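Undergrad: As they're listed, the protein sequences go chains A and B.
Using our numbering, you'd call the opening residue of the first sequence number -10 and step up by one each time.
Using our numbering, you'd call the opening residue of the second sequence number -10 and step up by one each time.
Do not rely on the hints blindly, as some may be mistaken.
[Claimed, not checked] Okay, the calculated beta carbon distance ranges per label pair:
#1 A:K75 - B:A151: 22 to 30 Å
#2 B:K48 - A:R57: 20 to 28 Å
#3 A:K75 - B:G82: 50 to 58 Å
#4 B:E98 - A:G82: 21 to 29 Å
#5 A:P43 - B:G170: 13 to 21 Å
#6 B:K179 - A:E100: 49 to 57 Å
#7 B:E100 - A:T27: 38 to 46 Å
#8 A:L26 - B:T23: 46 to 54 Å
#9 A:K(-7) - B:V174: 27 to 35 Å
#10 A:E35 - B:A151: 53 to 61 Å
#11 A:K(-5) - B:S115: 37 to 45 Å
#12 A:N123 - B:E176: 27 to 35 Å
Honestly, the hints are just simulated from the structure, not real lab data.
All values reported here derive from a predicted model rather than from experimental measurement.
C-beta: ideal position from N, C-alpha, C; glycine also.
There are 2 protein chains.
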Amino acid sequence: MSNKVKIGLSNKHLHLQQADVDTLFGKGHQLTPTKDLTQPGQFACEEKVDIVGPKGVLKGIRVLGPVRPETQVELAATDARGVGIKAPVRESGKLSGTPGCKLIGPAGEVELDHGVIVALRHVHLSPSQAEVLNVKDKDFVSVKVEGERGLIFNNVLVRSGAAHNGEIHLDTDEGNAAGLGTDSVGEVIKSL
Amino acid sequence: MSNKVKIGLSNKHLHLQQADVDTLFGKGHQLTPTKDLTQPGQFACEEKVDIVGPKGVLKGIRVLGPVRPETQVELAATDARGVGIKAPVRESGKLSGTPGCKLIGPAGEVELDHGVIVALRHVHLSPSQAEVLNVKDKDFVSVKVEGERGLIFNNVLVRSGAAHNGEIHLDTDEGNAAGLGTDSVGEVIKSL
Chain A
-10 MSNKVKIGLS NKHLHLQQAD VDTLFGKGHQ LTPTKDLTQP GQFACEEKVD
40 IVGPKGVLKG IRVLGPVRPE TQVELAATDA RGVGIKAPVR ESGKLSGTPG
90 CKLIGPAGEV ELDHGVIVAL RHVHLSPSQA EVLNVKDKDF VSVKVEGERG
140 LIFNNVLVRS GAAHNGEIHL DTDEGNAAGL GTDSVGEVIK SL
Chain B
-10 MSNKVKIGLS NKHLHLQQAD VDTLFGKGHQ LTPTKDLTQP GQFACEEKVD
40 IVGPKGVLKG IRVLGPVRPE TQVELAATDA RGVGIKAPVR ESGKLSGTPG
90 CKLIGPAGEV ELDHGVIVAL RHVHLSPSQA EVLNVKDKDF VSVKVEGERG
140 LIFNNVLVRS GAAHNGEIHL DTDEGNAAGL GTDSVGEVIK SL
């Protein structure tokens, strides 16, 4: 294995707790998987919701499964600004003090008082991949990408363990700023 | 002077040729300056237009003056994708082979057959600033920014001459990917 890792570009999406699935899609509703994601056990769902902020609505935003202990909305900073939500950059699951929003589904609405973030860029690595790259869970690395908008992302969080598989996760702002597409790769290098 | 240069974040905007000002705002209309920009002789205008692509409309987009020999629309890649325009990354003025769009003003519409670009990131430097930084017009440099989304932009074009004044020009995708605001600065470093 080289130090090249494929890049996964995350469009705006959300994860739901079961209570919010019930409210948005109907009591006892189960999320419907449509596509497995690269990370083991994670999947895109058929379900979509509208996300409402003080200045506008993001319509038809994809739910990712499985359900989680807490609902989390992940927007690019451009998306968040567009609907008037001041979303901070956060690691997944670290939702204390984050702003909320309204979610609208076919069966009902949820008023979140927190849970909207811009995802902290990160790289998922299996234990063996982390070993080859000589990094460990919670390290920070840099990621270099080539091309006419080539750049080096600093402060990229390593997430490694049994539930992880080689993939650099960036959002659409980061992907567009770097000119990346669906087949892009990044080089994991020592933190600069 | 250190190698720190202030960053100017460009929101989507356009430059117009006089013939298009005539069509959009009325025969003989003169652009109305509202604010001088950092680059000598450049200014924001009161005038706004709607930009129409195959998949949507960007409403109320700011015109920058003065008029130019050729109309040029500058969008972030996120904006362009949102309205279905496949805009390439280009240096200002290099519009051959670029896609067009429709412009709608209060007095009429213009159907552009080319002119929509994503701006190539660049740094404006006065001749004395360029001398201090030991770079010249048309060089490429890298620009490092600090912070939780800190990164190093490679392939940053130097534009230097009498009409230029120290400012790194990035678009909203680049600004959001790097977590930049209105008071951000970048460090101009040797091309990586």
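Undergrad: Evaluate each hint against the coordinates.
TA: Comparing the hints with the structure gives:
Look at A:K75 against B:A151: about 41 Å separates their beta carbons, and that is not inside 22 to 30 Å. Between B:K48 and A:R57 the Cβ separation comes to about 36 Å, which falls outside the hinted range of 20 to 28 Å. For A:K75 paired with B:G82, a C-beta distance near 36 Å fails the hint of 50 to 58 Å. In this structure, B:E98 and A:G82 break the distance hint of 21 to 29 Å, their C-beta atoms being roughly 49 Å apart.
At roughly 20 Å, the beta-carbon separation of A:P43 and B:G170 lies within the given 13 to 21 Å, and the hint holds. For B:K179 and A:E100, the hinted distance range of 49 to 57 Å is satisfied, since their beta carbons lie about 51 Å from each other. Here the CB-CB span from B:E100 to A:T27 is close to 43 Å, well matched to the stated 38 to 46 Å. At about 47 Å, the beta-carbon gap between A:L26 and B:T23 stays in the expected band of 46 to 54 Å.
In this structure the supplied range 27 to 35 Å holds for A:K(-7) paired with B:V174, their Cβ-Cβ distance being about 32 Å. Distance hint check for A:E35 and B:A151: the Cβ-Cβ separation is about 59 Å, which falls inside the suggested range of 53 to 61 Å. Between A:K(-5) and B:S115 the Cβ separation comes to about 43 Å, which falls inside the hinted range of 37 to 45 Å. Roughly 28 Å separates the CB atoms of A:N123 and B:E176, a value that falls within the hinted 27 to 35 Å.
Checked against the numbered hints above, the structure violates hints 1, 2, 3 and 4; every other hint is satisfied.
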